[in-house]
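Peer 1: Starting from the known structure of chain A, fit chain B onto it as the hints suggest.
Take a look at the letters that make up each chain.
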Amino acid sequence: MALYRDEGIVLRTWKLGEADRIVVFLTLGRGKVRAVAKGVRKTRSKFGARLEPTSHAALQFYEGRELDIVTQADSIDHFRAVREDLDRFGRAATMLEAVDQLAQEGEANPRLFQMLLGALRTLSAQDAPLVAPAFFWKVLALEGYRPELDVCVECGAAEPLVAFDLDSGGVLCRGCRRGSSITPDALALLRRILGGQLGAALGEAASPATHEVDHLATRAMEHHLERRLRSAALLPNW
Amino acid sequence: MAVYAGPVQDLIDELGRLPGIGPKSAQRIAFHLLKLPRDDALRLARAVVEAKERVSFCTRCFNIAEGDACAICTDPRREASVLCVVEEPRDVVAVEKTGEFHGRYHVLQGAISPIEGIGPEQLRVRELLARIEPEGVQEIILCTNPNIEGEATAMYLAKLLGALDLQVTRIASGLPVGGDLEYADELTLGRALEGRRVLDTG
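Respectively, the protein sequence lines represent chains A and B.
Quick note, the first sequence lines up with residues 1 to 238 if you use my numbering.
Quick note, the second sequence lines up with residues 239 to 440 if you use my numbering.
Here chain A stands alone, though its shape is the one from the complex (with noise of 0.2 Å):
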């Protein structure tokens, strides 16, 4: 039984018992790691606010059989323009939930680790419509689920693309058309994201365009995880 140091970002907890919580970390060492918070909840806890969903902080872990316990933590970001948004805050969430999802225990995953990071940062930087969209449509492509924008995927045609259908995976033309139908302006935006103009997408006003990049991005998130995300489910109730 050892000690040992990570960075992490906080993904979700648990109450445990009267006064702990486990808390689900994405970390940078050792990918996702669930450990339990000890005395979390009371109010003189020296955690304080530092071990809750969206914080970014270094930790010293104690490895334990089934999960391990926190020993030290030490904010390194708290993004409170996030925490203090009720909108932000709401897309950090679903970030969080399709990470805490996809990422595995004892597997490093350094990539989604930056750009859970960057994500969270730019959130807290800028209210832009397009960060968690765009996030999620990275983390697909890193997972190997990168969609075909160029080309209608049945027969290579490349105009007029009218649609993206899931299950193929990418756009197709008005010949082979299924799935559900895609607009000129969201087709351009979704290229822009994934063809290395990230930057100039995230500026992107919110539009009819970035909610339909944004609708797709959870859909095709929900399609990959084959469950819904809860937290996107509430959104339009805000």
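Treat the hints as calculated values from the structure; they're not laboratory data.
You may find that some hints are simply not true.
[Claimed, not checked] In silico EDC-like links for lysine to aspartate or glutamate, alpha-carbon gap of 16 Å or less:
1. Lys42/A x Glu18/A
2. Lys42/A x Glu63/A
3. Lys262/B x Asp251/B
4. Lys138/A x Glu222/A
5. Lys42/A x Glu354/B
6. Lys262/B x Asp248/B
7. Lys397/B x Glu84/A
8. Lys15/A x Glu424/B
9. Lys290/B x Asp313/B
10. Lys46/A x Glu420/B
11. Lys38/A x Asp68/A
12. Lys46/A x Glu424/B
13. Lys138/A x Glu148/A
14. Lys397/B x Asp87/A
15. Lys138/A x Glu154/A
16. Lys262/B x Asp278/B
17. Lys46/A x Asp418/B
18. Lys15/A x Glu354/B
19. Lys15/A x Glu325/B
20. Lys397/B x Asp85/A
21. Lys38/A x Glu63/A
Peer 2: Here is chain B on its own, set in the frame of chain A:
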């Protein structure tokens, strides 16, 4: 794995369902109950039955109550114009112990938690809105937990109540009395600085 005679095993199984009680503790408590004088054991049984049959949720504030309305809602000395919104009945007890609050309560029975799929519809929010007009509420104190779910709930309610003609306040957050500054996390200390106040230098 039923090792014990029927009724004893049933008792162990039932005790084992309680929060924080594992199979071993359940056995220990079961044997303790068996050793107890008959009257003592029956008193416990009666207390469980009584509590289950007579206690329900207050139809007005959703605190636990004996009968239709809870003791606080029926108390005429309580100000009706100030409402303290909390997550759980246990929070009512915590605020009551301070002796600083003389208004009434509203128990939401939870907090917004997107990851667990709990939204405003699952909470007693509609019931809160329905109380404002008839009771003449002028101030609502958002007294949800200072964690991420409680904050989200407070923000949601603040937005919802903002359109109405009343004062909405949020309990302060800061440093716990008796603690050390160096162990305070950045968020708490930051808020404590924001909420600083002028000392009376008289």
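Peer 1: If a hint holds in the structure, say so; if it doesn't, say that too.
Peer 2: Outcome of the hint check:
1. Lys42/A x Glu18/A: Since the Cα atoms of Lys42/A and Glu18/A sit roughly 9 Å apart, the hinted pair holds (cutoff 16 Å).
2. Lys42/A x Glu63/A: Roughly 23 Å between the alpha carbons, so the hint for Lys42/A and Glu63/A is violated.
3. Lys262/B x Asp251/B: Since the Cα atoms of Lys262/B and Asp251/B sit roughly 11 Å apart, the hinted pair holds (cutoff 16 Å).
4. Lys138/A x Glu222/A: holds (14 Å)
5. Lys42/A x Glu354/B: violated (22 Å)
6. Lys262/B x Asp248/B: Distance of about 14 Å is within 16 Å: holds.
7. Lys397/B x Glu84/A: holds (12 Å)
8. Lys15/A x Glu424/B: Status violated; Cα separation ~23 Å.
9. Lys290/B x Asp313/B: Given that 16 Å is the threshold and the Cα spacing comes to 23 Å, the pair is violated.
10. Lys46/A x Glu420/B: Holds, because 10 Å separates the two Cα atoms, which is no more than 16 Å.
11. Lys38/A x Asp68/A: Holds. Lys38/A to Asp68/A sits at ~11 Å (cutoff 16 Å).
12. Lys46/A x Glu424/B: holds (12 Å)
13. Lys138/A x Glu148/A: holds (13 Å)
14. Lys397/B x Asp87/A: Answer holds: Lys397/B to Asp87/A is near 11 Å, not above 16 Å.
15. Lys138/A x Glu154/A: Roughly 24 Å separates the two Cα atoms, so the pair is violated.
16. Lys262/B x Asp278/B: Roughly 22 Å separates the two Cα atoms, so the pair is violated.
17. Lys46/A x Asp418/B: Roughly 10 Å between the alpha carbons, so the hint for Lys46/A and Asp418/B holds.
18. Lys15/A x Glu354/B: With Cα atoms ~12 Å apart, Lys15/A and Glu354/B stay inside 16 Å; holds.
19. Lys15/A x Glu325/B: holds (15 Å)
20. Lys397/B x Asp85/A: With Cα atoms ~11 Å apart, Lys397/B and Asp85/A stay inside 16 Å; holds.
21. Lys38/A x Glu63/A: Answer holds: Lys38/A to Glu63/A is near 14 Å, not above 16 Å.
Figure legend: structure checked against the earlier numbered hints; hints not met, in rising order: 2, 5, 8, 9, 15 and 16.
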